[in-house]
Each structure stands twice: as C-alpha cells, then as structure tokens.
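Colleague: Sequence:
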Amino acid sequence: MTAIPLYYIRFLKPPPTEYLIGQQFTIVWTVESDLGDCTYWEPISIVCSLQGSSQLGLRVLNTKRKRSGSALGDSPLSRDIMLTYDPLQGGGTVNKLVIEPLPGKSLPLGHSVSIQFGMFLSPSSRTSQAHGVWQNAYLFSDSLWLIPTWSSPIEAKAAKQRHGEAVSGNQAERIMRVNENKVIRIREDAVQSIARHIWDCGLSMCQFIKENKDELKNYDTLLELGNHKKRKA
Numbered sequence: 001m002t003a004i005p006l007y008y009i010r011f012l013k014p015p016p017t018e019y020l021i022g023q024q025f026t027i028v029w030t031v032e033s034d035l036g037d038c039t040y041w042e043p044i045s046i047v048c049s050l051q052g053s054s055q056l057g058l059r060v061l062n063t064k065r066k067r068s069g070s071a072l073g074d075s076p077l078s079r080d081i082m083l084t085y086d087p088l089q090g091g092g093t094v095n096k097l098v099i100e101p102l103p104g105k106s107l108p109l110g111h112s113v114s115i116q117f118g119m120f121l122s123p124s125s126r127t128s129q130a131h132g133v134w135q136n137a138y139l140f141s142d143s144l145w146l147i148p149t150w151s152s153p154i155e156a157k158a159a160k161q162r163h164g165e166a167v168s169g170n171q172a173e174r175i176m177r178v179n180e181n182k183v184i185r186i187r188e189d190a191v192q193s194i195a196r197h198i199w200d201c202g203l204s205m206c207q208f209i210k211e212n213k214d215e216l217k218n219y220d221t222l223l224e225l226g227n228h229k230k231r232k233a
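If you read the sequence shown in full-length UniProt numbering, its first letter stands for residue 1, the second for the next number, and so on.
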C-alpha cells in the first residue's frame with residue numbers, strides 16, 4: 001500500500017470558457033492537498049500545455065516593471081509554456097496569459113476552435129514513474145504525487161474586436177485513466193465546497209481500491225464511514 005501523499009494543482013480562478021483570440025485573461029492557481037487545508041511549501045516548475053489546435057499558442061504577459069518604469073518583456077509564444085508555483089505568494093500564483101495564432105498559422109475571422117490547456121509537473125521536475133490512475137500525474141522528488149488539472153473546454157473565436165479581459169470560468173477538469181483505451185473526465189468546481197471535498201474523498205477511495213485490489217479480494221463489503229451504510233465491493 002502506498003504512503004506517498006497526493007497534492008493537486010488547482011485553479012482558484014480558472015481560464016474562460018468563451019474567448020476571443022488575442023484577449024488577455026488571468027488565472028490564479030495553487031498546489032494543495034485534496035481538502036485544500038494544506039498548500040505545498042516548496043516552489044515547483046509547471047508546464048502549461050495548450051491542446052486542441054496546432055495553430056494557437058500561449059504567452060505569459062509580464063506585469064512587472066523595471067526600476068526605470070518600462071515593462072519587462074513577455075514570454076515567447078508557444079504551445080507549452082513554463083510557470084512557477086510560488087508558495088510565498090499569498091492567495092495563489094497569478095499569471096496573466098494570452099492565446100494567439102502561432103507564426104504563419106492565423107485563423108480566418110469568425111472561425112471557432114475548441115481548445116483546453118493542462119497544467120502538469122514539468123519534465124525536468126518529474127521522475128519517470130507515472131501514476132496508475134491519474135492522467136499525466138508524476139512523482140515529484142520521490143516525495144509526492146502531483147495531480148494535474150485541465151481547463152474546461154474553451155470555445156476560442158477569431159474576431160476583430162477584443163474588448164477588455166476575458167471573463168473567467170468557474171470549473172476545471174481532471175482525467176482518470178480506466179485502461180489503455182478509456183479515460184474518465186471529471187468536472188470540478190473552482191470554489192471551496194463540501195460537495196467538492198466529498199467527491200475528492202470518493203475519488204481517493206476509488207484509487208485506493210484499484211491499487212490494492214489484490215489485498216482486498218477477500219472482502220466483499222466496504223463500510224462507508226459517516227454514512228452508516230454498507231456497500232458491496
């Protein structure tokens with residue numbers, strides 16, 4: 001039985017679900033335990049990967065300024081960008097982003113495409129061992145599993161006018177792998193709620209049963225604590 005703890009990359013302010021290509025938007029995210037009662041205490045390098053379109057890329061907008069008052073440069077446009085989790089930044093890590101066409105791959109006006117982006121442990125920080133249940137989850141420094149998150153599907157549209165900043169969404173996704181050919185996508189609320197905590201605990205139990213099914217084969221009944229009900233295994 002594994003004793004390695006689980007920590008989750010979690011959106012506090014998710015990306016928008018409707019988006020005009022070229023609009024700025026802000027995400028706020030953190031790395032915390034399943035119940036959200038404990039944030040991780042060390043910096044972590046995270047890769048943010050845009051998926052669903054080979055024509056679009058992500059860019060981090062630098063909101064900091066030099067001492068002279070001029071703005072620092074933005075990051076290069078890419079389908080994969082690097083972000084850093086900063087545990088000393090109260091209220092979560094804040095990044096201002098923009099989605100733009102990659103060089104030579106502009107979209108015609110009015111054209112829409114469905115995209116998502118995922119946030120995973122960067123290749124330089126992960127071990128080679130992948131989690132058996134959670135998609136794109138890897139060991140971090142042999143001390144914890146870091147569970148990734150995906151944005152909800154984003155309907156991105158090419159348009160001339162892009163007024164203001166895009167409105168944030170309120171949900172994100174996680175992906176559980178059933179077998180080599182099947183995955184389950186789980187929609188998760190960004191806000192703290194008892195329903196989300198109960199759901200997280202249920203998922204953890206499913207993982208426990210799958211990982212330890214050989215040791216549990218002699219048991220045909222599970223007792224769900226707090227509900228006073230027996231359930232067949």
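Since the hints were derived computationally from the structure, they do not count as laboratory data. This structure is a prediction, so every number in the text was calculated from the model and none was measured. Ideal Cβ placement from N, Cα and C applies to all residues, glycine included. One thing to keep in mind: the hints can contain errors.
Said to hold, decoys possible - Cβ-Cβ distance ranges computed for the label pairs, FRET-style:
1. GLY22 to ASN170: 33 to 41 Å
2. PRO5 to GLN161: 31 to 39 Å
3. LYS160 to TRP41: 28 to 36 Å
4. GLN161 to TRP41: 41 to 49 Å
5. SER54 to ALA159: 26 to 34 Å
6. PRO5 to ASP86: 15 to 23 Å
Colleague: If a hint holds in the structure, say so; if it does not, say that too.
Modeller: Each hint tested on the structure:
1. Here the CB-CB span from GLY22 to ASN170 is close to 23 Å, at odds with the stated 33 to 41 Å.
2. Our hint of 31 to 39 Å for PRO5 and GLN161 is violated, since their Cβ atoms are close to 47 Å apart.
3. The beta-carbon spacing between LYS160 and TRP41, approximately 46 Å, falls outside the hinted interval of 28 to 36 Å.
4. The supplied range of 41 to 49 Å is met by GLN161 and TRP41, whose beta-carbon atoms lie about 44 Å from each other.
5. Distance hint check: the CB atoms of SER54 and ALA159 are about 20 Å apart, inconsistent with the given range 26 to 34 Å.
6. Restraint check, PRO5 to ASP86: a C-beta distance of roughly 20 Å satisfies the suggested window 15 to 23 Å.
In terms of the numbered hints stated before, the structure departs from hints 1, 2, 3, 5, listed from lowest to highest.
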